[in-house]
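Please model the complete structure; the sequences and the hints are all you need to start from.
Sequence lines, in order, name chains A and B. Taking our numbering, I'd label the letters of the first sequence as residues 1 to 113. Taking our numbering, I'd label the letters of the second sequence as residues 1 to 106.
Careful: at least some of the hints might be erroneous.
Calculated pairs, BS3-like style, for lysine-lysine (alpha carbon to alpha carbon, straight line, at most 30 Å) [claimed, not checked]: (1) A:K44 to B:K54; (2) A:K36 to B:K55; (3) A:K22 to A:K71; (4) B:K55 to B:K68; (5) A:K36 to B:K54; (6) A:K19 to A:K52; (7) B:K53 to A:K44; (8) A:K22 to A:K36; (9) B:K68 to A:K44; (10) A:K19 to A:K9; (11) A:K9 to B:K68; (12) A:K36 to A:K19; (13) A:K36 to B:K68; (14) A:K44 to B:K55; (15) B:K54 to A:K41; (16) A:K41 to A:K22.
In case anyone wonders, no lab produced these hints; they're calculated from the structure. Bear in mind that the values here come from a model prediction, so they are computed numbers and not experimental data.
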Amino acid sequence: DTAVSQTPKYLVTQMGNDKSIKCEQNLGHDTMYWYKQDSKKFLKIMFSYNNKELIINETVPNRFSPKSPDKAHLNLHINSLELGDSAVYFCASSRGGWTGELFFGEGSRLTVL
Amino acid sequence: KNEVEQSPQNLTAQEGEFITINCSYSVGISALHWLQQHPGGGIVSLFMLSSGKKKHGRLIATINIQEKHSSLHITASHPRDSAVYICAGTGNQFYFGTGTSLTVIP
Numbered sequence: 001d002t003a004v005s006q007t008p009k010y011l012v013t014q015m016g017n018d019k020s021i022k023c024e025q026n027l028g029h030d031t032m033y034w035y036k037q038d039s040k041k042f043l044k045i046m047f048s049y050n051n052k053e054l055i056i057n058e059t060v061p062n063r064f065s066p067k068s069p070d071k072a073h074l075n076l077h078i079n080s081l082e083l084g085d086s087a088v089y090f091c092a093s094s095r096g097g098w099t100g101e102l103f104f105g106e107g108s109r110l111t112v113l
Numbered sequence: 001k002n003e004v005e006q007s008p009q010n011l012t013a014q015e016g017e018f019i020t021i022n023c024s025y026s027v028g029i030s031a032l033h034w035l036q037q038h039p040g041g042g043i044v045s046l047f048m049l050s051s052g053k054k055k056h057g058r059l060i061a062t063i064n065i066q067e068k069h070s071s072l073h074i075t076a077s078h079p080r081d082s083a084v085y086i087c088a089g090t091g092n093q094f095y096f097g098t099g100t101s102l103t104v105i106p
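This is how it looks when you write it as structure tokens:
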């Protein structure tokens with residue numbers, strides 16, 4: 001069983017559309033994350049969600065919103081997609097907050113045309 | 001200037017060589033992560049450490065809190081070690097290094 005799974009793996013869409021990426025972890029972890037990796041392979045944290053506490057990177061546009069229906073899921077919603085949103089988005093989880101070992105999903109490559 | 005700096009940015013080694021990747025940080029952190037990303041692949045956590053030294057197989061990670069420096073060592077390098085290695089510090093934020101691209105030639 002995959003520990004952290006994301007869907008879809010690939011997503012191609014037009015500017016202005018709204019899309020979602022789903023993430024599920026079966027590790028029983030209490031903290032989940034969304035990261036963005038740009039074309040230069042630089043990683044940046046977007047959100048972390050721990051026991052109903054959402055921590056947002058202030059540089060993330062409010063077109064991006066995380067939704068957590070339960071501890072095992074953290075979905076990423078993106079409204080009004082822009083060309084600059086094209087990137088690989090990684091979901092991850094850990095136990096015990098930010099100092100726990102990170103387990104990553106395989107990534108979701110988003111291409112905005 | 002990035003809060004976390006890695007060196008070198010690119011590294012090519014012959015199979016069997018001892019490899020060191022360095023990570024220096026300028027912010028207060030409570031833990032440091034070493035991550036590995038193979039070309040076109042996902043990200044795997046290699047180590048998470050807050051002090052001292054950890055070893056896993058041919059990989060060794062060390063951290064010096066006073067000097068704000070961490071190193072990742074690979075002994076007896078192998079072509080399958082070719083990947084991008086990323087260090088990240090966690091404090092009140094996540095601080096990522098820009099990665100070191102390692103190529104090990106047979």
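If you check each hint against the structure, which ones fail?
-> 11
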